[in-house]
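Colleague: Top to bottom, those sequences are chains A and B. The opening position of the first sequence corresponds to residue 2 in the numbering used here, with each subsequent residue numbered one higher. The opening position of the second sequence corresponds to residue 2 in the numbering used here, with each subsequent residue numbered one higher.
Be careful, since some hints might not be right.
When chains are identical, the list treats them as one kind, so a pair holds in a single copy or across two.
Unchecked claim - In silico EDC-like pairs for lysine to aspartate or glutamate, Cα to Cα no more than 16 Å straight-line: (1) Lys294 / Asp272; (2) Lys276 / Asp172; (3) Lys276 / Asp174; (4) Lys276 / Asp176; (5) Lys295 / Glu251; (6) Lys110 / Asp133; (7) Lys295 / Asp52; (8) Lys107 / Asp84; (9) Lys234 / Glu251; (10) Lys234 / Asp84; (11) Lys294 / Asp44.
Hint data in this document are derived by calculation from the structure and do not stem from the laboratory.
2 protein chains.
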Amino acid sequence: MQTNKLLALVAACALLAPLAHGAALTMSDVLAASKPSDWRTLDPANTLYVDFAAGRVIIELAPQFAPNHAANIRLLTRERYFDGLSINRVQDNFVVQWGDPQNTHKLQKAQRTLKAEFTRPATGLPFVVLPDPDTYAPQTGWVEGFPAARESASGSAWAVHCYGVVGAGRDADADSGGGTELYIVTGHAPRQLDRNITVVGRVVQGMELLSALPRGPAPMGMYEKAEQYVPIKQVRVAADLPAAQRTPIEVLRTDTPTFTALIESRRNRRDEWYKVPAGRIDVCNVPLPVRVKKE
Amino acid sequence: MQTNKLLALVAACALLAPLAHGAALTMSDVLAASKPSDWRTLDPANTLYVDFAAGRVIIELAPQFAPNHAANIRLLTRERYFDGLSINRVQDNFVVQWGDPQNTHKLQKAQRTLKAEFTRPATGLPFVVLPDPDTYAPQTGWVEGFPAARESASGSAWAVHCYGVVGAGRDADADSGGGTELYIVTGHAPRQLDRNITVVGRVVQGMELLSALPRGPAPMGMYEKAEQYVPIKQVRVAADLPAAQRTPIEVLRTDTPTFTALIESRRNRRDEWYKVPAGRIDVCNVPLPVRVKKE
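This is chain A alone, in the form it adopts within the complex:
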């Protein structure tokens, strides 16, 4: 363990009154001892509610990584572009996707395609470093709740394709996406997509409404018949809904000693059940806790 990391952990432990003796912590310990300031409410302007008959999927947009795509998706939402579209692709161990394959929904001010936002300069991004090695990137960590990676050689950073990450589908041309077609990762992190497609957000709540859908029988998990499609009732920007229609949740901040302690609790599992702590963790295996907001 790196010294700065250890110091951060010691600091975190010192804040945890019930566990002031430096005992090894489980994630439950860490969360139970968290302070209100360790949590944040999602910015309503960057929060999408995707409502299905079965319930609500909540997406946090990632303007840090894809400002133009985030703005376009907000516009598409406000133009009601997504309302009445459907999930038409469910590929096992890969993605769920919705879009408008028949091009029946017209655009108003929103764009159909945008310049790719696959990476961005790392400079200026508050990056919380995970010290463990990663197969795909020189360094991984988190930027404001998003699993991320960066590379000093190019000076670039990008959002990482973990479970629950949302991206903008595109054709072969790099600049052919824009947010009209969105996919959500539902399998083992398809990290080969990193730097090849624009990540626009992540699912914060409701993954089970997507991950448990019947797999599509056609190639790439496409549904073959229109009756298999899973209709989207509506998509709304949370900011556009009255408070009573918003879902009151909070997410754990990733730039806190509490999150550092949480990472450590998962790098070295302390539950009685574990016999050999891994001592390391994949960025995509670190949970990003969500809770009901305390009024």
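Since chain A is already given, all that's left is putting chain B on it; use the hints.
Modeller: Chain B only, in chain A's frame:
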């Protein structure tokens, strides 16, 4: 994207010319050019058919890693221990599990618990090395179709928890598993389980019958009501069924130049769609192809 991609795949499948010149290959190229000897039929004595109303899940047992567990699961199967049991746990992004929580099924010669088989000596295992770095293990690769890892310091090897891997559930005691309760990985590889639980096999076909099940609402994804349980009609060792009831499939051998070419085709994706080949791959992201056996 779908149409372009499909056309690209069709084109790739048709064009075997690049193979002769050692050019960069897609996975479709590699598979199209494979020889009959690149494929193997599963050993019927190490193959389980788990039959549900919705279809058949095929499991290849891993006696290389867990000889005692594999033998015990064969015995449990032959004693009809699993018949009529149910899936009672479906935890999102983690596992599906079946067992006998009420202990209604009696054992005959099979054991309820066995000594743990978390690791084994690396010596004697034909290990195909993946050159890329891994977060959790010093080295990863494959042993006879199973994603695996090894460590020179301890001289040990173990099967790795990738999507589709099957393990023997246990309680807090390391030696409290035995195969009466089995789990299947349905999410991002929970590599923290490596060396902490006995891997007994992997699902070769039928994952979508498990991965798309409704998630359990109780803690750890447990189903709360008996009517949510998904009954197992029967489990059989393939060797015990007449040929007509067996599923004729073959899996690609992992100790062949063809599999090496397949790995490379996935480390550096050559499809027109990819702009930045990753140059590396996570052992759990390498597909293990299955096909209908040619009679």
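Colleague: So, for every hint listed, does it hold in this structure?
Modeller: Status of each hint after checking the structure:
no.: 1; hint: Lys294 / Asp272; in the structure: neither (27 Å within a copy, 45 Å between copies)
no.: 2; hint: Lys276 / Asp172; in the structure: between (47 Å within a copy, 12 Å between copies)
no.: 3; hint: Lys276 / Asp174; in the structure: between (49 Å within a copy, 9 Å between copies)
no.: 4; hint: Lys276 / Asp176; in the structure: between (49 Å within a copy, 11 Å between copies)
no.: 5; hint: Lys295 / Glu251; in the structure: within (9 Å within a copy, 55 Å between copies)
no.: 6; hint: Lys110 / Asp133; in the structure: neither (44 Å within a copy, 46 Å between copies)
no.: 7; hint: Lys295 / Asp52; in the structure: neither (23 Å within a copy, 46 Å between copies)
no.: 8; hint: Lys107 / Asp84; in the structure: within (12 Å within a copy, 54 Å between copies)
no.: 9; hint: Lys234 / Glu251; in the structure: neither (24 Å within a copy, 43 Å between copies)
no.: 10; hint: Lys234 / Asp84; in the structure: within (6 Å within a copy, 41 Å between copies)
no.: 11; hint: Lys294 / Asp44; in the structure: within (14 Å within a copy, 54 Å between copies)
Going through the hint list in order, the structure does not satisfy hints 1, 6, 7, 9.
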